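Novice: Residues per chain are reported as follows:
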Amino acid sequence: MAETARGRLNWTGLGVFALVLLVWEAAVRSGLIAFEFFPPPSRILLGIVALTRDGVMLQDLLHTLGSIAAGWSIAMLIGVAIGVLLGFSPTARRFGLASVEVLRPMPGIAFAPVGLLLFGFSLQTELVVTVLPTIWPVMVNTMGGIANVHPRLGDVGRTLRLSNTEIVRHLLLPAALPSIIVGARISLGLALVMAIVAEIVGNPAGLGYGIVREQQAMNPEYMFAYIAVVGILGIALNAGVVALTTALWPATSRVTL
Amino acid sequence: MSARTAWPVLIARSLAQLPSPLGLLPLIAALIAWQLLAPPNSPYFPPPSSWWTGIAQSAASGALWRAGAASLQTIVFGLLLATAAGVTLGILIGVSPRLARAMGPLLEFCRAMPPPAIVPLAILFLGYDERMKLTIVVISAMWPILLNTASAAQRVHPILLDVATAFRLTLLQRIRLIVFPSVMPSVLLGVRIALPLCIVLTLLVEILTSIEGVGALMIAAQRNYQSGQVYGLLVLVGLFGFLINTGFSIVQTIILRRWPPRNIQA
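Quick mapping for you: the protein sequence lines, in order, are chains A and B.
First residue of the first sequence: 1, per the numbering used here; consecutive thereafter.
First residue of the second sequence: 1, per the numbering used here; consecutive thereafter.
Everything labelled a hint here was simulated from the structure, so no lab data went into it.
One thing to keep in mind: the hints can contain errors.
[To be verified] With beta-carbon atoms standing in for the labels, derived distance ranges: (1) His150/A <-> Thr53/B: 48 to 58 Å; (2) His157/B <-> Leu248/A: 28 to 38 Å; (3) Ala243/A <-> Arg98/B: 24 to 34 Å; (4) Leu46/A <-> Arg66/B: 44 to 54 Å.
[Said to hold, decoys possible] Chain B side only, calculated, beta carbon under 8 Å to chain A, not exhaustive: (5) Ala112; (6) Leu121; (7) Leu171.
[Unchecked claim] Where chain B lies over chain A, by a calculated footprint (3+ residues, C-beta under 8 Å): (8) 59-68; (9) 111-122; (10) 208-215.
No experiment lies behind these values; they were computed from the predicted model shown.
All C-beta atoms in this analysis are idealised placements derived from N, C-alpha and C, irrespective of residue type, glycine included.
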């Protein structure tokens, strides 16, 4: 929806956002909303500043970014590999698709107890919880992208006597790229969510743990500070992927929006 | 509109679209290998037979049924409320470009917020109860419905809107008679994405807060090192997700048979 403001800034929308923050500030300060642990936005901002100056915020942010990057990369590798196999080979589809379709609707979060069982409170648990659910969007989009490539491209490859590997590398993967990118974008959003989940239940580190830590320490402004940073991170990651893909493959940008 | 296709035909057609059951072979082979190779009391990789005993124990004590009912309740009500909220907001935003522009950044920020991050927030305001669980499910699952509805409402065919003007329909009539039927296929698409989300979110809240439900049961089994039960519940949850997805796609084809193939919005 921010895309409606393509080209120039959406001042009306930003004004409404600012207005909501102002009303919130005024309501808390005047005592209109009297929750015990509800800080006004200005205190949350001060909380972000204090945590940043302390260095904790940066450390937690880097940890979360690191796990997202690692988990997402692993998931991309696995997802594209399986997706290419299933999209390219009818035999693989015949003898593998149903297994994938049965495993796919398994809620990713349900792997958190299994990860904890196997690895305890650790980075490995965080990676298990982040990687497994993140594979599917990439895999499904890669498979769909490859299966939807015009059959004539395969004929072109065979006319040029390309090997199967060359057909996949030089013809099918580039043709399926827009669809793969869409999958990659969905997966990245999912990786953030799963990393935060894992940090709350499975690995005491990073932004997710920061939220719980400050909640239990009764520091509401720090807790809200972490929540705000997580939200900003979500927007930044999405915008980053869009900017990156537009820069690298301008032709696909229309599709990803 | 072509003659209506009978229900059983539609169901059979949807089932025929499922991939070949031969594709289950790798999964079955892996499970058999697991059963044969895993040590019977392995705390990490318990053999599939112990998954069954784990579930059977939990079912015999009644814990499984209570947890299942609690989770199912949240999923059903969560989906209904998310659909109501998503469709209402989506249509409002879709028919009014001004509103869409004004609410854009705020909605974008709320949508980007990962659901687990708002769990501590919801606990703060609502405490540990069923209401909190439902609130998080609804807030996080309504986005796909909202976005699909809004973009479909923006793309309602201009001729249809001219019809509305020609007949001097009021805003409410316009929404009920023109906009609503036009966005229905997109709403169903959004609900289809929201459905697995509701399941995930329900489990998520239950795992994070241990409020009664299947998620809480799983995390409790993990804490007690009942690994067979953990894997068993995982399979149950996966099976549930699979059946729900397949079921909904059948319901979707049945509802949409009254709609023309998707051309009117193009």
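Novice: Give a verdict on every hint.
Specialist: Structure-based check of all given hints:
Under the hint 48 to 58 Å, the C-beta atoms of His150/A and Thr53/B, about 52 Å apart, fit the expected range. Range check, His157/B to Leu248/A: Cβ separation about 36 Å, and the 28 to 38 Å hint holds. A hinted range of 24 to 34 Å for the beta carbons of Ala243/A and Arg98/B is consistent with their spacing of about 28 Å. Separation of Leu46/A from Arg66/B is about 45 Å and conforms to the stated range, judged on CB atoms against 44 to 54 Å.
Taking 8 Å as the C-beta contact cut-off toward chain A, the hint placing Ala112/B at the interface holds, the least distance being around 3 Å. Taken as an interface hint, Leu121/B checks out: its beta carbon lies about 6 Å from the nearest beta carbon of chain A, inside 8 Å. Hint status for Leu171/B relative to chain A: violated, with the closest Cβ pair at about 22 Å, above 8 Å. Using a Cβ-Cβ cut-off of 8 Å, 0 residues of the segment 59-68 of chain A lie near chain B, which falls short of the minimum of three, so the contact claim is violated.
Beta-carbon proximity to chain B at under 8 Å applies to 7 residues in the segment 111-122 of chain A; the threshold of 3 is reached and the given coverage holds. A stretch counts as covered by a chain when three or more of its residues have a beta carbon under 8 Å from one of that chain; for the segment 208-215 of chain A and chain B the count is 4, and the coverage holds.
Comparing the model with each earlier hint shows violations of hints 7, 8; every other hint is respected.
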